[in-house]
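Trainee: Take 1 as the starting number for the sequence shown in my numbering and just add one per residue.
No lab work stands behind these hints: they were computed from the structure. On a predicted model such as this, the values are computed, not experimentally measured, just so you know. Where a beta carbon is used, it is the ideal one built from N, C-alpha and C, also for glycine. Hints are not guaranteed to be accurate.
25 Å max Cα-Cα, derived DSS-like pairs, lysine-lysine [stated by the list, open to error]:
(1) LYS166 x LYS2
(2) LYS75 x LYS198
(3) LYS75 x LYS99
(4) LYS184 x LYS99
(5) LYS183 x LYS93
(6) LYS142 x LYS101
(7) LYS183 x LYS198
(8) LYS183 x LYS24
(9) LYS89 x LYS13
(10) LYS85 x LYS75
(11) LYS99 x LYS85
(12) LYS85 x LYS2
(13) LYS101 x LYS75
(14) LYS75 x LYS183
(15) LYS24 x LYS85
(16) LYS85 x LYS198
(17) LYS93 x LYS166
(18) LYS13 x LYS2
(19) LYS166 x LYS142
Simulated restraints, written as ranges between beta carbons of each label pair [claimed, not checked]:
(20) ALA157 x LYS184: 46 to 52 Å
(21) MET27 x ILE139: 20 to 26 Å
(22) LYS33 x GLY97: 54 to 60 Å
(23) MET1 x ASP103: 20 to 26 Å
(24) LYS165 x SER141: 27 to 33 Å
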Amino acid sequence: MKVIDLTHTISEKMPVYPGTEEPKLEMVNTYDKNGFKETLLTMFSHTGTHMDAPAHIFDKKTTLDSFPVEQFVGKALVIDCSDLKTGEKITIKYIEGVKEKADEAEFILFRTGWEELWDTDAYFGEYPYITEEVADYLIQSKKKGVGLDVIGIDPIADENLTLHKKLFAETEIVVIENLNNLKKVGNDLFTLCALPLKYENADGAPIRAIAILENK
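Put together the whole structure using the sequences plus the hints.
Mentor: Following this line, the structure appears as structure tokens:
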């Protein structure tokens, strides 16, 4: 068995969605003064590698803390879209190229290669994003979740959050953003564990996402 960490580290200078404050990690107790170390974490619920719930967009829809925990674990597939250039779309052809595995997977993760731009201004640029046809596939196939290695499932210029609305209006799916190390997973099915911080009425939360590869 091989375990791969798919999570970016939370830090005070990490990339955050435009308009969002960076997290603060304040040491409030120290070894010298208190005999132990303790850190006060202050951050938005959609910081770093994180998960969006349907309640992120729609009132009365499902929050992360109300999902059964099984929602966050399942069979997953990374689909390589790293040939796409800036602003190009992840079309249904990427699904069709691995259709049998995609149909079997409960989570579809798209690798665009954008993770290589983490900690640069280019990370906030015109990253690849899925088409509505791909969103329809995710809805119709009743996936547990979809994930990408970019800062949002909608293009950065879409303030209407069209794809978020489409997915969350029609299904109980979770959206994972800012994934890391997808290039290390390969193209076979694997077990994904993407466990969100559990707090009351969670519209979204940072996660620790890992890939478990059998027979490695």
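Trainee: Please go over all the hints and tell whether each is borne out by the structure.
Mentor: Here's how the hints hold up against the structure:
1. For the proposed pair LYS166 and LYS2, the alpha carbon gap of about 35 Å is over 25 Å, so the pair is violated.
2. Restraint check for LYS75 and LYS198: satisfied, since their Cα atoms lie roughly 22 Å apart, inside the 25 Å limit.
3. Annotation: proposed proximity of LYS75 to LYS99 holds, straight-line Cα distance about 15 Å (limit 25 Å).
4. A distance of roughly 21 Å separates the Cα atoms of LYS184 and LYS99; the hinted pair therefore holds under the 25 Å criterion.
5. For the given pair, LYS183 sits about 20 Å from LYS93 by alpha-carbon distance, which is consistent with the 25 Å threshold.
6. Taken as a hint, the LYS142 and LYS101 pair is honoured in the structure, with Cα atoms around 15 Å apart against an allowance of 25 Å.
7. With a C-alpha separation of about 28 Å, the suggested pairing of LYS183 with LYS198 is violated against the 25 Å cut-off.
8. Of the supplied pair hints, the one linking LYS183 and LYS24 is violated, its CA atoms being roughly 30 Å apart against a limit of 25 Å.
9. For the proposed pair LYS89 and LYS13, the alpha carbon gap of about 29 Å is over 25 Å, so the pair is violated.
10. For a cut-off of 25 Å, the pair hint linking LYS85 to LYS75 is broken: about 28 Å separates their Cα positions.
11. For the suggested pair LYS99 and LYS85, the alpha carbons sit about 23 Å apart, so the restraint of at most 25 Å is met.
12. For the hint linking LYS85 to LYS2, the alpha-carbon distance of about 31 Å lies beyond 25 Å, and the restraint is violated.
13. Simply put, LYS101 and LYS75 have alpha-carbon atoms about 10 Å apart, close enough for the 25 Å limit, and the pair holds.
14. Annotation: proposed proximity of LYS75 to LYS183 holds, straight-line Cα distance about 17 Å (limit 25 Å).
15. For the hint linking LYS24 to LYS85, the alpha-carbon distance of about 34 Å lies beyond 25 Å, and the restraint is violated.
16. Between the alpha carbons of LYS85 and LYS198 the distance comes to roughly 36 Å, so the proposed pair goes past 25 Å and is violated.
17. For the hint linking LYS93 to LYS166, the alpha-carbon distance of about 20 Å falls within 25 Å, and the restraint holds.
18. Straight-line distance between C-alpha atoms of LYS13 and LYS2 comes to about 30 Å, which puts the hinted pair past the 25 Å bound.
19. Of the supplied pair hints, the one linking LYS166 and LYS142 holds, its CA atoms being roughly 14 Å apart against a limit of 25 Å.
20. For ALA157 and LYS184, the hinted distance range of 46 to 52 Å is not satisfied, since their beta carbons lie about 30 Å from each other.
21. Checked against the given bound of 20 to 26 Å, the beta carbons of MET27 and ILE139, roughly 45 Å apart, lie outside it.
22. Range check, LYS33 to GLY97: about 58 Å between beta-carbon atoms, so the 54 to 60 Å window is met.
23. For MET1 and ASP103, the hinted distance range of 20 to 26 Å is satisfied, since their beta carbons lie about 25 Å from each other.
24. Range check, LYS165 to SER141: Cβ separation about 19 Å, and the 27 to 33 Å hint is violated.
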